[in-house]
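Full structure from sequences and hints, please.
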Amino acid sequence: MPKHIVRLIMSLGIVILFVIGAKAFFTAESFGVYGHYRANAVPEIASDKPKYRGPDYCQLCHSERHATWSAHRHGKVKCEVCHGPAGEHPATGKLPIPSDTVRLCSTCHEAMPARPAAQPQIVVSQHSGAQPCIACHNPHAPRIASSGGSVR
Amino acid sequence: MKNKTTKTPTGRRVFLGKLGKVAVYASALLGAARGFAKGETSAAGSFPTADYDWTKHRWGYGVDATRCIGCLRCVEACKIENGVSNDAHHFRTWVERYVYVKGEDKPRIDSHSDPQNIAAAGSQSEYRFDNRYKDEEVEKAFFVPKLCNHCEHPSCVQVCPVGATFKTKDGAVLIDHTYCIGCQYCVQACPYGARMFNYEQQVTDKCTWCYHRITKGLQPACVEVCPVNARIFGDLMDPASSIRTFIRENRVQVLKPETGNAPTCFYVGIDKEVS
Numbered sequence: 001m002p003k004h005i006v007r008l009i010m011s012l013g014i015v016i017l018f019v020i021g022a023k024a025f026f027t028a029e030s031f032g033v034y035g036h037y038r039a040n041a042v043p044e045i046a047s048d049k050p051k052y053r054g055p056d057y058c059q060l061c062h063s064e065r066h067a068t069w070s071a072h073r074h075g076k077v078k079c080e081v082c083h084g085p086a087g088e089h090p091a092t093g094k095l096p097i098p099s100d101t102v103r104l105c106s107t108c109h110e111a112m113p114a115r116p117a118a119q120p121q122i123v124v125s126q127h128s129g130a131q132p133c134i135a136c137h138n139p140h141a142p143r144i145a146s147s148g149g150s151v152r
Numbered sequence: 001m002k003n004k005t006t007k008t009p010t011g012r013r014v015f016l017g018k019l020g021k022v023a024v025y026a027s028a029l030l031g032a033a034r035g036f037a038k039g040e041t042s043a044a045g046s047f048p049t050a051d052y053d054w055t056k057h058r059w060g061y062g063v064d065a066t067r068c069i070g071c072l073r074c075v076e077a078c079k080i081e082n083g084v085s086n087d088a089h090h091f092r093t094w095v096e097r098y099v100y101v102k103g104e105d106k107p108r109i110d111s112h113s114d115p116q117n118i119a120a121a122g123s124q125s126e127y128r129f130d131n132r133y134k135d136e137e138v139e140k141a142f143f144v145p146k147l148c149n150h151c152e153h154p155s156c157v158q159v160c161p162v163g164a165t166f167k168t169k170d171g172a173v174l175i176d177h178t179y180c181i182g183c184q185y186c187v188q189a190c191p192y193g194a195r196m197f198n199y200e201q202q203v204t205d206k207c208t209w210c211y212h213r214i215t216k217g218l219q220p221a222c223v224e225v226c227p228v229n230a231r232i233f234g235d236l237m238d239p240a241s242s243i244r245t246f247i248r249e250n251r252v253q254v255l256k257p258e259t260g261n262a263p264t265c266f267y268v269g270i271d272k273e274v275s
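Sequence lines, in order, name chains A and B.
Sequential numbering of the first sequence, starting at 1, is according to our numbering.
Sequential numbering of the second sequence, starting at 1, is according to our numbering.
Errors might be hidden in some of the hints.
[Claimed, not checked] Under the rule of at most 20 Å between Cα atoms (straight-line distance), these lysine-lysine pairs were calculated in the PhoX-like manner:
1) B:Lys-256 to B:Lys-106
2) B:Lys-56 to A:Lys-51
3) B:Lys-216 to B:Lys-169
4) B:Lys-167 to B:Lys-56
5) B:Lys-56 to B:Lys-216
6) B:Lys-106 to A:Lys-49
Worth flagging that the hints you see were computed from the coordinates, not collected in a lab.
Here's what the structure looks like:
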């Protein structure tokens, strides 16, 4: 074979080797194990710590409150919806007890077009004057027995 | 003389032949080693965590728009759970309000990032729909929760030039933030507007179905806090799961089926204007 062809083949070989080496060097360790991505990214993402712990976690200490809440109409509204995520509570301190109940309760119960009819709704300005909701309603057992039904 | 001229090319030919053989054997060995390494990772235990095997699950998501009350607790929970930046314009999930006012052809659409809703909420880290339609004559109105559709054929994954976003074996579309170069092709490619750009980290971000929660047996944060079960999440592999029940008991649809993305978020109670 002529010399210049041999030189071409050899230099091409060197380039190919260099490219293979560079690819091995620059590609992340677990890349391509399961597909065109870094497989280790999956356990990394999965290792994040949940902040919302769910009512079962709250029940460990607040069993009495949990029993009242779960037996009444707000039983579908989980603790952390109003009190915020438990996270590492109690180690990290108290969770908030909402003070402005009119504002909090109206998030779900203010009469509004687009809210389904099944949702109990009130016109805030006509419902109770300026009284806070908790003057009459226990947020953990919101229905008032004497009213005989839901208020519209 | 004749001998010499024929001998040299033969030697080279033999050498090249041997080189070729060595290359074939070496690549076969390398391939086998790689295959073995792969087999080892799956045989060594479940992936991605010790007590969660992603081949045993196939997640699906349901949205029942007829139940949504627009309280936006899902948006708040998602932000807190996933540490999404605390302004109204970066979010992984959102809720749209569609209002058909009498005499108008098209619905008026707004979400929590609308200026009037931010004003009603008081700040960009609180979320609330204002009551702007209370004095209007409304013919029809409803809320529609939205999030990443975790498509079977995700266009965002297809366009990623570096393999930083991918579909997991259990159905979630995830982003590898250490590999993302922030080019935002995927943001453009998503037909649902489900991706956003995180300017602090210079990476793309989106809903993961709370992958860190579902791999621990928990529900995604938005599903966990929804007070009216408008959001449903479960395992499509399990016939008794909430999502399979949801699909069985309702006539479900997906958003923009014409894109061919094949979403795995299923909707009930949405209108022709919702896409």
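Cross-check of the supplied hints:
1. A hinted pair counts as satisfied when its Cα atoms are at most 20 Å apart, and Lys-256 (chain B) with Lys-106 (chain B) qualifies at roughly 18 Å.
2. For the proposed pair Lys-56 (chain B) and Lys-51 (chain A), the alpha carbon gap of about 25 Å is over 20 Å, so the pair is violated.
3. Simply put, Lys-216 (chain B) and Lys-169 (chain B) have alpha-carbon atoms about 16 Å apart, close enough for the 20 Å limit, and the pair holds.
4. Of the pairs offered as hints, the one joining Lys-167 (chain B) and Lys-56 (chain B) holds, with about 15 Å between alpha carbons and a cut-off of 20 Å not exceeded.
5. With a CA separation close to 14 Å, the supplied pair Lys-56 (chain B) and Lys-216 (chain B) stays within the 20 Å bound.
6. The suggested pairing of Lys-106 (chain B) with Lys-49 (chain A) is violated, with an alpha-carbon distance near 43 Å, which exceeds 20 Å.
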